[in-house]
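In the order they appear, the protein sequences are chains A and B. Add 1 to a position in the first sequence, counting from 1, and you land on the number used in the numbering used here. Add 1 to a position in the second sequence, counting from 1, and you land on the number used in the numbering used here.
Derived SDA-like pairs (lysine to any residue); straight-line CA-CA distance at most 20 Å: (1) B:Lys121 to B:Thr69; (2) A:Lys86 to B:His310; (3) A:Lys323 to B:Val267.
Computed beta-carbon distance windows for the label pairs: (4) B:Phe296 to A:Pro237: 38 to 48 Å; (5) B:Pro22 to A:Gln367: 43 to 53 Å; (6) A:Gln13 to B:Ala120: 54 to 64 Å; (7) B:Tyr150 to A:Arg295: 42 to 52 Å; (8) B:Glu102 to A:Gln367: 45 to 55 Å; (9) B:Gln85 to A:Leu204: 53 to 63 Å; (10) A:Ser363 to B:Gln85: 33 to 43 Å; (11) B:Ala120 to A:Ile117: 34 to 44 Å; (12) B:Asp294 to A:Arg18: 36 to 46 Å; (13) A:Glu301 to B:Gln85: 18 to 28 Å; (14) B:Gly68 to A:Glu50: 24 to 34 Å; (15) A:Arg293 to B:Gln85: 17 to 27 Å; (16) B:Asp294 to A:Ala120: 17 to 27 Å.
Honestly, the hints are just simulated from the structure, not real lab data. We put the CB at the ideal spot given by N, CA and C, even for glycine.
2 protein chains.
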Amino acid sequence: MFEFECQTRQGQARAGRLTTPHGVVETPVFMPVGTHSTLKSMTMGHVAEAGAQIILGNAYHLFLRPGTDLIEAAGGLHGWCGWQKPILTDSGGFQIFSLGEFRQITENGVQFKDPITGAKHTITPERSMAIQRALGADIIMAFDECPPYPTTHQYAEQSMHLTHRWLERCVAAHTNTAKQALFSIVQGSVYEDLRQQSIAFCLEMDTPGYAIGGVSVGEPKHLINQIVDQVAPQLPEGKPRYLMGMGEPIDVLEGIHRGVDMFDCVHPTRVARHGSFFTFDGRRNIKNGEFRDRFEPLMEDCDCYTCQHHHTAYLRHLMRIKEATGGTLLSIHNVRFMIRLAAMARTAILENRWTSFYDEMSQRLQATPLDREGEVVGTP
Amino acid sequence: MFEFECQTRQGQARAGRLTTPHGVVETPVFMPVGTHSTLKSMTMGHVAEAGAQIILGNAYHLFLRPGTDLIEAAGGLHGWCGWQKPILTDSGGFQIFSLGEFRQITENGVQFKDPITGAKHTITPERSMAIQRALGADIIMAFDECPPYPTTHQYAEQSMHLTHRWLERCVAAHTNTAKQALFSIVQGSVYEDLRQQSIAFCLEMDTPGYAIGGVSVGEPKHLINQIVDQVAPQLPEGKPRYLMGMGEPIDVLEGIHRGVDMFDCVHPTRVARHGSFFTFDGRRNIKNGEFRDRFEPLMEDCDCYTCQHHHTAYLRHLMRIKEATGGTLLSIHNVRFMIRLAAMARTAILENRWTSFYDEMSQRLQATPLDREGEVVGTP
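One chain only, chain A, in its complex shape (with noise of 0.2 Å):
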């Protein structure tokens, strides 16, 4: 059971709803990402108590620890973790590639080591389905290669010629159809022609819902608003619309504004445990001086149980001595933020005011404080 509604459209920008197994997802949405079946430093609790609708799991991660046979013993992901809602599992194809010397693309599939413990393993567009299956998430992704930023022309069409041929694989693979849509990924980097041939051969292939991807690999953000812009409007008006790991506030702004309904990232959090929050009028870190005695939250009118609990000056101390619970109180609210973003938007677009929502909103948020660009934002 599985099923989008277009409610309403705003020049590109929508507002719909997303029936899944476990639940409606109203969007346009931002799903927080819970790589290894958890959110980092965030109980299930702090998730839900955010507003999150939906949750990303990663299938390479989890394929590796705790294994898939555990998960699904376990009832699926849902079981797993005790998240009811509804998931989505990324494939991990892009986590697999980046393991560089580590792995081997064959037409079959990829091979690769385990960077921990050094096994080898194989994954198939087959092998990527029934682990997804096992996993039992709501919507899964097809098994791709994502090449990296600057990609040649020549290494970008054969990749997206792979692409293609394994999401006819995926496609003949998942048989689990009842329970679990599938969603193909539109590639081609940052190739207007090769964007063409894979929107083509996506539609083709008629999926419940249609993935950009090959985004958020070192590309300036004016190529990927360009690539939104081409894809977004190509795909079917009553299909989903996933902009993969784009999730910088600015970014889910303006991949709305160009017809995406839903987005993903690590940033809300992994910045946080760096101590960097969001406000509405761009990202701040915690750790400058004039936080010290700002007996406020975070930032105004925040609904966030952090907000709501807790001053800046207290947060401040807790990360400047390296409390864990400072990266929890810190990654709660940016998440609530992205999610409150996301669902604002929404609000304005059903209420015919998304212009000048979008005008005010990209103005604020790209804000650059002072601060900013002493920040330290390290790896996940």
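Take the given structure of chain A and dock chain B to it, following the hints.
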């Protein structure tokens, strides 16, 4: 406004009610420790949900970071950390004396170097009272010297007399008696004669509560029980008794049995971060293979957030891949366990079945599963 009522006594075990400016505490009570104004890995929401009635802070640590001025500006510790129920601050004598070569004791007080910044500070009994007044906890502790174990009789005696002279100065300096109750601390190491002298001195000072200090500093448990056996019955019926730093489940049970009302320890959260969880049948390490596919909560009939939402196999996975959320979830369980153990003891006392409760529980808690020896329990 500070009152203590001993409601019932069975043998030495007492059930009581402690009234403070920030609310009533039912005893026996386990007090979770938030040294730096947060529990490690837990939010205050978790602490409240675990049923904590009162939490601890450490005046010495908070004096260094973030500094007394800032906490005072926030309206004291309650306004600072967002915990609106009772708070107790330890003076931090134990932590200062643990600095070793970085500190120097004189009649006046202690000079020490901040181990992080190298800055020199002096804390005297008067300064400790001023700091704790600024922090604004409901219960504050005398500034004492806490000798390690083993200590010679000679050193223990000198140290005790110094602690007594400092206690007189604390009592004289503590003028905020309407809002803060100052507890004296019985010292004397493992020497019965010294403990007798210290009891007499503290009783003469007639403080609103009494702590048994100088325990949990490395001595064997039977000596602690002997000390408590000696000291507790000599303390007045109508005042609360606090056994400092003792917080393994069996310690709390033995302390209650000997007439102690209040307990604190970092133990439950510290061992949690290393994978240990409490059950009524002893402590277990979640990394043991037997828990790999245990799709049951950590403990039967546990009402903590963790046991209500997650099974053991999932928590084991989080600990194995070093996800901080694992430590959070185990901490929640262990803290709730301690609070519940004290609450169950209270009910047993009130219902006139303490002896059977104690007999059964002390046997069960001391069960030592085979896995216990393999545990890795690190420093905080």
